[in-house]
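Just so you know, the sequences run in chain order A and B. Counting from 1, one number per residue, gives the positions in the first sequence under the numbering used here. Counting from 1, one number per residue, gives the positions in the second sequence under the numbering used here.
Think of the hints as simulated: they come from the structure by calculation, not from any bench. Given the structure is predicted, the values throughout are model-derived calculations rather than measurements. Be a bit skeptical, because a hint or two may be false.
List time: in silico DSSO-like cross-link candidates among lysine-lysine, alpha-carbon distance up to 27 Å [to be verified]:
#1 Lys6(B) / Lys31(B)
#2 Lys237(B) / Lys91(A)
#3 Lys43(B) / Lys6(B)
#4 Lys99(A) / Lys237(B)
#5 Lys237(B) / Lys223(B)
#6 Lys43(B) / Lys31(B)
In silico contact screen, one side only, chain B against chain A (beta carbon under 7 Å); selected entries [what the hints assert, rightly or not]:
#7 Phe67
#8 Leu98
#9 Ile238
#10 Asn241
#11 Gly243
With beta-carbon atoms standing in for the labels, derived distance ranges [as the list claims (entries may be wrong)]:
#12 Lys223(B) / Ile63(A): 55 to 61 Å
#13 Leu175(A) / Leu99(B): 41 to 47 Å
#14 Arg171(A) / Gln219(B): 19 to 25 Å
#15 Leu39(B) / Glu3(A): 51 to 57 Å
#16 Asp105(B) / Pro22(A): 34 to 40 Å
#17 Gly222(B) / Lys99(A): 51 to 57 Å
By construction, the Cβ of each residue, glycine as well, lies at the ideal position given by its N, Cα and C atoms.
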Amino acid sequence: MIETLQWTTLAICAVIAAARIPSTLRGENRSLFGIFAMMTLAILLSIQEPYLIIDSALGGTNIANLLLRFVIFGAIYFLGVRVSRGFGADKAYRLITGKAGITVLLAISAVLVTIFLLMDTAGSSAGLLDISAKDPRHFALVEYYGAAGRAYPAFVALALLPAMVRAIRDRLPVLVRIAAALLALGGVAVALTMFFPVLPPGLKALQFIINYTAVLCYVLGLALIWAAKVLSGRPARSRKTSTET
Amino acid sequence: MTLSAKAFQRWLQSIAPDASTADVCRVSGIKRTTLAQQLVRGKVSVSTVVSISRAYSINPVAALAGFDAYTALAGPPRPPSRNELVSQISSADLLRALLARPAMDASRGAAAPALSPAPHATSVKNWVDAIDDGEVRHRVSASTGVAPQNYSAQLTANRLSPELAMATALAAGVGPAGGLVATGIITEEEAGWPPGARQEALDSLSDGELTALAGDRLQALGKVLRRQEQDQAQTEKIWENLG
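So here's chain A without its partners, still in its complex pose:
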């Protein structure tokens, strides 16, 4: 079931990324294509078989896992920028792109790389499961590494959440409000990933479901906004601003 979820998510992401190619060539919101492409790559790297192939090509030291973390950071950063600007969430935009946000990003990245270097990462293993099983020290390091990798997405997701909840109730087109609801749900799922360490070991499947729910909600939310714009027929009328003070 988890395999199906993974490959379905990958297919959906890839299709949407491919669908964005024409508008990207026209120069419309190129970073959206970047977000979809990075998400596709991230999902590819999180599935066992492609991970093993890619990582062994990169030397078999699990550097692909580190790459995966930074691809996710990149995707979530650009998603945060686009969504906060689109929904007029100035606070979230300042939080993500301001000093605080960049400091958080750099600090978490430094921690991530440091922990990675502290580990003996030889031997490709999706999710670093084999590394974690080496000894108690490596088990702890992998836990911290995972927590650091989930911290930045959770930070951005929480920054966006209030604006998304507000947008659900706004007087916006109904598709956009549904999209905002999806983005909010995705944000909640991303925030929930921070609680993975306290999850009972028997609930490993729940981790996968939360992860992929988050990705699917974000991707579908963004795609829905795009669909809403296309369906609205792009009313390019120039608005009169005479009543604005």
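Put chain B on the given structure of chain A with help from the hints.
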């Protein structure tokens, strides 16, 4: 509240004893599927009765008065108040009338053109505002069980269900048919409003009253337009960044 199919059939029998449902639909211009559906569900809409009444040259108000929920419509029509009459003049007509007043522009002697018939774009809200003593909304909400925010939403959308229109008139102590005129279900004439009553009411407004009223309407219109523009701007921003 819609009308029961049973009562409707009885009423139809009394006005067109020999007509088939198909005949009735053809004469009144109602789609056969629509009427069939209403009959199957046992809920006939008020507008169905109004359309059929008109087709058979019966006053729709008198016809509705025969149904349980609308008995308040029976009897001689109560004349509308001046506020009600003025509320059913469109903002454009009010502004034209104002411009034709000597106080505004002494050089313009031309009379304002004839009023367009009720209802107009904000007639429902203007009607409720005209009869509201400040507590009407609460009383309607209490008597019908409709939440105040749902009631307000209907007014903002320039809509009001027939039963709420009746309940509002009752709560405000005005003639029961006024709300049906404001919502466009029946005409002024059918409600028994004297011909030219709106024009007379308008003419009876002093320059000051008319100017203040037009100002209120413009202010309300400005608010609505501003809000639409803000919504539009917000949507455009989303398209621009995420489309």
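| field | Hint numbers not upheld by this structure, sorted from lowest to highest | value | 7, 8, 16, 17
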